[in-house]
Amino acid sequence: MADTKSGSGRNSAAGGSGNTVLSPLGQGPANLECKDFQEYLRTRQTPESLEKLYNYPPICLAVFRELPEIARQFIIRILFVDQPVPQAVVTSWGAQRCAKEQAEATSCLTALNVWRVTAIPGGLSAWELSPTFKKSVRQVLLGGGKPWPMTNTLDKDSKPRDIAFLDTYAMSRWRCVLHYMVGTGNRNGTDAEAISPDAVRILLHANLMKRDERDGITITRQGFQFLLLDTRAQVWHFMLQYLDTCEERGISLPECLSMLFQLSFSTLGRDYSSEGMNSQMLTFLQHLREFGLVFQRKRKEGRFYPTRLALNVTSKEAAATASVAMDEEATQDCGYIVVETNYRVYAYTDSPLQVAVLGLFTELLYRFPNLVVGVLTRDSVRQALRGGITAEQIVSYLEQYAHPNMRMVESAIHSKSCLPPTVVDQIKLWELERNRFTYTEGVLYNQFLSHTDFVTLRDYAQSIHMLVWQNERTRTMVVQKNGHDDVKRYWKKYSKSGV
Amino acid sequence: MEADQSASKEGESCIDLLVIVLDTNPSQHFVRQNPQNLTQILEAVIAFGNAHLMQKAQNKLAVVSCSHHATNFLYPLPRRQVELRQMDGQYEAFNLVEKTVKQQLGSILMNAPRLSAPCESLLAGSMSMALCYISRLQRNLAPGVKMHSRILVLTGSNECASQYMTFMNVFFTAQKLGITIDTCALDKTLSLLQQGCDITSGQFLKVTQLDGLLQYLLWVFLPAPQIRHKLVLPPPPKVDYRASCFCHRELIDIGYVCSVCLSVFCKYSPICTTCHTIFKNPGPLPIKGKKKKKTDKQM
Numbered sequence: 001m002a003d004t005k006s007g008s009g010r011n012s013a014a015g016g017s018g019n020t021v022l023s024p025l026g027q028g029p030a031n032l033e034c035k036d037f038q039e040y041l042r043t044r045q046t047p048e049s050l051e052k053l054y055n056y057p058p059i060c061l062a063v064f065r066e067l068p069e070i071a072r073q074f075i076i077r078i079l080f081v082d083q084p085v086p087q088a089v090v091t092s093w094g095a096q097r098c099a100k101e102q103a104e105a106t107s108c109l110t111a112l113n114v115w116r117v118t119a120i121p122g123g124l125s126a127w128e129l130s131p132t133f134k135k136s137v138r139q140v141l142l143g144g145g146k147p148w149p150m151t152n153t154l155d156k157d158s159k160p161r162d163i164a165f166l167d168t169y170a171m172s173r174w175r176c177v178l179h180y181m182v183g184t185g186n187r188n189g190t191d192a193e194a195i196s197p198d199a200v201r202i203l204l205h206a207n208l209m210k211r212d213e214r215d216g217i218t219i220t221r222q223g224f225q226f227l228l229l230d231t232r233a234q235v236w237h238f239m240l241q242y243l244d245t246c247e248e249r250g251i252s253l254p255e256c257l258s259m260l261f262q263l264s265f266s267t268l269g270r271d272y273s274s275e276g277m278n279s280q281m282l283t284f285l286q287h288l289r290e291f292g293l294v295f296q297r298k299r300k301e302g303r304f305y306p307t308r309l310a311l312n313v314t315s316k317e318a319a320a321t322a323s324v325a326m327d328e329e330a331t332q333d334c335g336y337i338v339v340e341t342n343y344r345v346y347a348y349t350d351s352p353l354q355v356a357v358l359g360l361f362t363e364l365l366y367r368f369p370n371l372v373v374g375v376l377t378r379d380s381v382r383q384a385l386r387g388g389i390t391a392e393q394i395v396s397y398l399e400q401y402a403h404p405n406m407r408m409v410e411s412a413i414h415s416k417s418c419l420p421p422t423v424v425d426q427i428k429l430w431e432l433e434r435n436r437f438t439y440t441e442g443v444l445y446n447q448f449l450s451h452t453d454f455v456t457l458r459d460y461a462q463s464i465h466m467l468v469w470q471n472e473r474t475r476t477m478v479v480q481k482n483g484h485d486d487v488k489r490y491w492k493k494y495s496k497s498g499v
Numbered sequence: 001m002e003a004d005q006s007a008s009k010e011g012e013s014c015i016d017l018l019v020i021v022l023d024t025n026p027s028q029h030f031v032r033q034n035p036q037n038l039t040q041i042l043e044a045v046i047a048f049g050n051a052h053l054m055q056k057a058q059n060k061l062a063v064v065s066c067s068h069h070a071t072n073f074l075y076p077l078p079r080r081q082v083e084l085r086q087m088d089g090q091y092e093a094f095n096l097v098e099k100t101v102k103q104q105l106g107s108i109l110m111n112a113p114r115l116s117a118p119c120e121s122l123l124a125g126s127m128s129m130a131l132c133y134i135s136r137l138q139r140n141l142a143p144g145v146k147m148h149s150r151i152l153v154l155t156g157s158n159e160c161a162s163q164y165m166t167f168m169n170v171f172f173t174a175q176k177l178g179i180t181i182d183t184c185a186l187d188k189t190l191s192l193l194q195q196g197c198d199i200t201s202g203q204f205l206k207v208t209q210l211d212g213l214l215q216y217l218l219w220v221f222l223p224a225p226q227i228r229h230k231l232v233l234p235p236p237p238k239v240d241y242r243a244s245c246f247c248h249r250e251l252i253d254i255g256y257v258c259s260v261c262l263s264v265f266c267k268y269s270p271i272c273t274t275c276h277t278i279f280k281n282p283g284p285l286p287i288k289g290k291k292k293k294k295t296d297k298q299m
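Quick note, the sequences are listed as chains U and Z, same order.
Position 456 of the first sequence, counting from 1, maps to 456 under full-length UniProt numbering, and the rest follow consecutively.
Position 201 of the second sequence, counting from 1, maps to 201 under full-length UniProt numbering, and the rest follow consecutively.
Note that these hints are calculated values from the structure, not bench results.
All of these numbers come straight from a predicted model, not from anything done at the bench.
Among the hints, a few may not be true.
Label pairs and their calculated CB-CB ranges [to be verified]:
id: 1; chain 1: U; residue 1: 218; chain 2: Z; residue 2: 135; range: 51 to 57 angstroms
id: 2; chain 1: Z; residue 1: 77; chain 2: U; residue 2: 212; range: 56 to 62 angstroms
id: 3; chain 1: Z; residue 1: 77; chain 2: U; residue 2: 168; range: 39 to 45 angstroms
id: 4; chain 1: U; residue 1: 157; chain 2: Z; residue 2: 118; range: 48 to 54 angstroms
id: 5; chain 1: U; residue 1: 426; chain 2: Z; residue 2: 103; range: 53 to 59 angstroms
id: 6; chain 1: Z; residue 1: 132; chain 2: U; residue 2: 157; range: 48 to 54 angstroms
id: 7; chain 1: Z; residue 1: 135; chain 2: U; residue 2: 55; range: 51 to 57 angstroms
id: 8; chain 1: Z; residue 1: 142; chain 2: U; residue 2: 363; range: 42 to 48 angstroms
id: 9; chain 1: U; residue 1: 168; chain 2: Z; residue 2: 103; range: 45 to 51 angstroms
id: 10; chain 1: Z; residue 1: 77; chain 2: U; residue 2: 124; range: 35 to 41 angstroms
id: 11; chain 1: U; residue 1: 175; chain 2: Z; residue 2: 142; range: 20 to 26 angstroms
id: 12; chain 1: Z; residue 1: 132; chain 2: U; residue 2: 117; range: 36 to 42 angstroms
Backbone N, C-alpha and C fix where the C-beta goes; we use that ideal spot for every residue, glycine too.
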């Protein structure tokens, strides 16, 4: 080997020419991240702050309902047991064949600090419910604590508001926020669509809108994805963002969360009292009022009505069924979209917001005073997908706003979705079409001097499961980035011993 | 794996309806022993019902009381709910359950007719009522919403063989509708209800100590039938599948069966009382042909 340079085989990385493959689309961070309550608690809260949250019974109830099914059963079983329960005993409660599910439940409970490991006499480790959590859950279930702050007795409201009124009110308030998001782009959002600076700040903070040099405030890609969510998910996402900023405003997070869940567990169409709330909570209430989560006649009035937006904020399914169950006459007036098997989409609407959202993933054909006709094409859907919208979001949007008549079709009653299956499948296929690549960060090794060198190193990389790709003829291989150090070390050792 | 997840997701999104049939007959053994016991049981049942509601926001609960003279709904009530403000930190909905059930049961017990001799509870009737309630809710569901229903019977009564036919109708209807029947017997083992649990693949449990009733309920009956396979629950006991005869309403091992309508009799009679078929005189060998082992046939 005439030209045996210092690092004959091991090239690249050392020389800085390491061929790092990066995802050109940079998909991860730019997409809208929707967390459910459990994820939120896991990522944002430390054990200490969780403990603080568990002092509030409404939060505990919400946490409990978020737990996996088996975990809920475990909690209930040990709720009235006063001493720690040996881990072996808890394990014996679950069936053998569901061990994996059980392990998940156990780790979830540990992560949320709902229970912890303690030692009991005899050297066994045992589970013990967090005392604060236990106390709060017992209180929710059986009573025997302080009343929730908003349940002070009130005189009878002289002009009680009915559910229909509250629904219209809530939706009109919420649409204001949405209209603001699209409206500003069109530069016609002036009069009725003005929202408070606070709300704007939250939208900016949440990255749903951004300040643009030219146009002032415009909607972002995440903003469009946000519009595609169903209302409940929108409210939840928005509230999470609000909670992020609430410490800055000097409002305590536990109190806010507790208040939010109190609202979420309240009864629709009933009035509650804001008497005895501190000034911070009153500010919070005013914000909620602005977004339409509560209705209050006057700012100073000590009486408010929670609206449907505030109910069951955490759970999608619950909100859907609860709203249907609570008043059976609830009209599904929100549905206006008809999707046909020929990919045509008819939307009975005149709202610029809805048309704008629809325009994100359909090619609009005709526009009439009360009807918009569009067609789902490969191009239009791919354009939406390129914009970071997922097929799942498109489908769920169409489902959510499906016209009541769509739900009445025979096939819709029996299947889960009311959309034509061909259309749903096709949209998903269009998305899969784009996912033919998987991106792995890696380091390229080439210019090996001998075949044996190459084979040795390749086999080593393979044995530690770090090999991404190899070609024997060109003596080239790609190793995962986190395996690079190992492989390099091995190569040094090998080449030293070999020489 | 994926199918598993979607199944559990579906489990999360559907409504679980629990109908509790509570035997409030004053001639039950434990009530005669100490009337306080009924209060204790009621507390446990309410806590259990609330624990069920606590599982998921969309869960539903109904409580039916069953006595010797009538069946009444304790919760929910058809008319507008009473205006209640929670006073002690209990969740509003749970508080509503507790107050309504107690209030209703109180007024029912006050208005009940005096009874001179111990009477049988109308359990089968109450269960039919529960079935009717379930099927009404089922019909009123919005399209696309799924509901799983089950019935839990809590009773300290004796075997009610006289309601054999009604019981069997209830069991087979429940089986057909996919409704699970669970039974918590507070006094004796009830073979009829045991059969019902077995037919609808529910749990049967005999609790002898009333002190730990709530814990028993939470352990055995709280998990919905759909997730019971994931938990270890008491193994099913050996079920006594004896039928009761149509003439004296007693459980029998061996009896006569009408060849036309399959009615069971403990004594031979020339005319079937159910379908009026006339049988030939049994002749010298009455055992041949007419006699059948009931237990074998049922299995």
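Hint check:
no.	hint	result
1	218(U) x 135(Z): 51 to 57 angstroms	holds, 55 angstroms
2	77(Z) x 212(U): 56 to 62 angstroms	holds, 57 angstroms
3	77(Z) x 168(U): 39 to 45 angstroms	violated, 29 angstroms
4	157(U) x 118(Z): 48 to 54 angstroms	holds, 51 angstroms
5	426(U) x 103(Z): 53 to 59 angstroms	holds, 57 angstroms
6	132(Z) x 157(U): 48 to 54 angstroms	violated, 37 angstroms
7	135(Z) x 55(U): 51 to 57 angstroms	violated, 44 angstroms
8	142(Z) x 363(U): 42 to 48 angstroms	violated, 33 angstroms
9	168(U) x 103(Z): 45 to 51 angstroms	violated, 35 angstroms
10	77(Z) x 124(U): 35 to 41 angstroms	violated, 49 angstroms
11	175(U) x 142(Z): 20 to 26 angstroms	holds, 24 angstroms
12	132(Z) x 117(U): 36 to 42 angstroms	violated, 49 angstroms
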